[in-house]
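Trainee: All chains should be modelled from the sequences, with the hints used to inform the complete structure.
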Amino acid sequence: MKLYTAQMTDRKQSRLLLHKALFRYTGIDNWKIGTEPLGKPFAIPPVSSAPDVHFSLSHSGTFWIIALDDHPLGLDIQQHKGPCTLSLAKRYFHPEEIAFWQKNGEKSDVFYDIWCAKESYVKYTGEGITRNLAGFSVFHPPVPLQRIPFAGGYSVYLCSEHLPDVLPDIGEIHCDL
Amino acid sequence: MRSTHYTVNAPLNLNIALVSDLHCYPYKEVLERVGEEKPDIIAVPGDIMENTANHSVTAPFNQPGFAFLSALTAIAPVYYSIGNHEGGMSEENRTLLKEAGITLLDNAFLHAHGLCIGGLTSPLPYEKHHAEKTPSPNLEFLSRFANEQGFHLLLSHHPEHYPAYIRSTGVELIVSGHAHGGQWRIFGKDIYAPGQGLFPKYASGMHENRLIVGRGLANTVFPIPRLGNPTEAVFIHLRRGES
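Residue numbers (my numbering), protein chains in the order written: chain Y, 217 to 393; chain C, 469 to 711.
Hints were generated in silico from the structure; no laboratory data involved. Nothing here was measured: the structure is a model prediction, and the numbers come from that model. Check before you lean on any hint, since a few could be wrong.
A few chain C residues facing chain Y, derived, Cβ under 10 Å [claimed, not checked]:
#	residue
1	619
2	665
3	666
Counterexamples of contact, computed for chain C against chain Y with all Cβ distances above 12 Å [said to hold, decoys possible]:
#	residue
4	581
5	603
6	607
7	614
8	640
The calculated label-pair distances, taken between Cβ atoms and stated as ranges, are [as the list claims (entries may be wrong)]:
#	chain 1	residue 1	chain 2	residue 2	range
9	C	542	Y	306	55 to 65 Å
10	C	708	Y	303	52 to 62 Å
11	C	578	Y	243	54 to 64 Å
12	C	531	Y	384	34 to 44 Å
13	C	481	Y	301	51 to 61 Å
The beta-carbon is built from N, C-alpha and C at its ideal position, and this holds for glycine as well.
Mentor: Okay, here's the thing in structure tokens:
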């Protein structure tokens with residue numbers, strides 16, 4: 217499993233960064249990107265000898281981040297910015313998560329962490345926000361979750377059945393224009 | 469599989485391997501890892517087997533745990549306490565454990581290896597092993613154990629017993645199995661550590677330099693055991709400090 221991050225100034229850079237990451241990870245160029253029925257992108261090997269690669273990417277604020285592995289995974293990054301209200305929690309959080317957030321003083325970093333962890337799971341399944349977010353709890357997740365230490369003011373969570381024992385370092389890639 | 473090492477100040481030098489909560493997860497790797505470390509003793513604070521009240525240790529769902537404990541005895545003396553999955557251990561099972569060379573400490577203690585080693589039995593009987601709130605353990609035993617001379621090593625399956633009952637005693641070192649209901653409820657309050665997010669790392673699984681929780685999953689969600697959760701082998705090194 218590998219993780220890469222980049223500073224992203226323009227959303228259009230995302231596709232280019234994805235190709236760079238795939239090349240860094242596999243040494244192979246010219247991947248095609250397909251889309252699952254609910255919108256999750258996946259990598260199509262350009263040659264028959266290319267390995268099966270799974271990826272999940274996310275961006276928030278100025279950061280773009282990707283995780284690549286031999287197994288399916290979900291990744292989400294969330295900048296600590298934007299509303300964190302009780303009405304949002306009631307709508308999208310599981311009762312267990314609401315209770316946890318309230319017991320922790322309804323702090324915004326807790327809210328973003330829960331949100332990000334939830335997102336990482338629905339990105340793993342490929343359902344995204346079509347999934348009933350309140351129907352599962354990150355404290356009893358269907359698939360294991362892992363927090364990834366990252367820059368201040370950001371939450372990053374990874375979802376995988378094959379979480380590594382040791383968190384990989386996060387490499388940097390650049391968009392040269 | 470992770471290996472985690474802790475050093476604890478003590479009046480003697482001793483190496484302890486801590487293994488818990490196998491729930492019959494494949495144990496070959498754990499055995500190898502423990503063997504490599506060559507500990508002086510092995511502490512097993514419960515939940516190695518599935519149901520020892522109504523079934524023999526040789527029943528299919530218990531047998532891997534029993535075989536694991538038996539194999540461990542070839543590496544070092546094994547001290548075993550009762551977790552909630554073993555609540556109500558039958559007499560025949562006690563005999564079988566003894567014959568296999570495993571020392572079961574069921575609200576009992578002994579003096580060995582320069583330590584006073586005790587096992588605090590889980591108060592949950594097998595049928596109730598998913599109780600919301602863990603009832604209190606045998607406090608009379610705990611008090612008697614704490615009043616014994618010597619450096620105390622207590623095998624206590626439930627880490628949540630530490631803040632409630634054990635912290636106020638003179639017991640120097642407590643080893644526990646995993647926190648049922650999630651680490652975030654371990655001390656009866658939800659703990660959110662900002663730099664560590666939702667699933668805080670408990671100071672590398674060691675708390676207040678006294679409580680070492682086995683299977684500390686450091687920054688990982690605490691899943692139901694059967695979700696293929698990585699096993700952790702913990703090695704505790706008691707070291708005489710400079711006087």
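Trainee: State for each hint whether it applies.
Mentor: Comparing the hints with the structure gives:
Using the Cβ-Cβ criterion of 10 Å, the hint placing residue 619(C) at the interface with chain Y is not satisfied: the shortest such distance is roughly 32 Å. Restraint check, residue 665(C) versus chain Y: the minimum CB separation of about 4 Å is within 10 Å; hint holds. Proximity of residue 666(C) to chain Y holds as hinted, the smallest CB-CB distance being about 5 Å (cut-off 10 Å). Listed as outside the interface, residue 581(C) is consistent with that label: its C-beta sits roughly 31 Å from the nearest C-beta of chain Y, beyond the 12 Å cut-off.
Residue-level check passed: residue 603(C) sits 23 Å from the nearest beta carbon of chain Y, beyond 12 Å. Consistency note on residue 607(C): stated as away from chain Y, and its beta-carbon is indeed over 12 Å from all of that chain's, at 28 Å minimum. Against the 12 Å criterion, residue 614(C) stays outside the reach of chain Y, whose nearest CB is about 32 Å from its own CB. For residue 640(C), the shortest C-beta to C-beta distance to chain Y comes to about 30 Å, beyond the 12 Å cut-off, and the non-interface label holds.
The hinted window of 55 to 65 Å between residue 542(C) and residue 306(Y) holds, with their beta carbons roughly 56 Å apart. Between residue 708(C) and residue 303(Y) the beta carbons are some 59 Å apart, a value that agrees with the proposed interval 52 to 62 Å. As the Cβ distance of residue 578(C) to residue 243(Y) is approximately 60 Å, the hint placing it in 54 to 64 Å holds. The supplied range of 34 to 44 Å is met by residue 531(C) and residue 384(Y), whose beta-carbon atoms lie about 37 Å from each other.
Hint check: residue 481(C) to residue 301(Y), Cβ distance near 56 Å, so the stated range 51 to 61 Å holds.
In this structure, only the earlier hint numbered 1 is contradicted, and the remaining ones agree with it.
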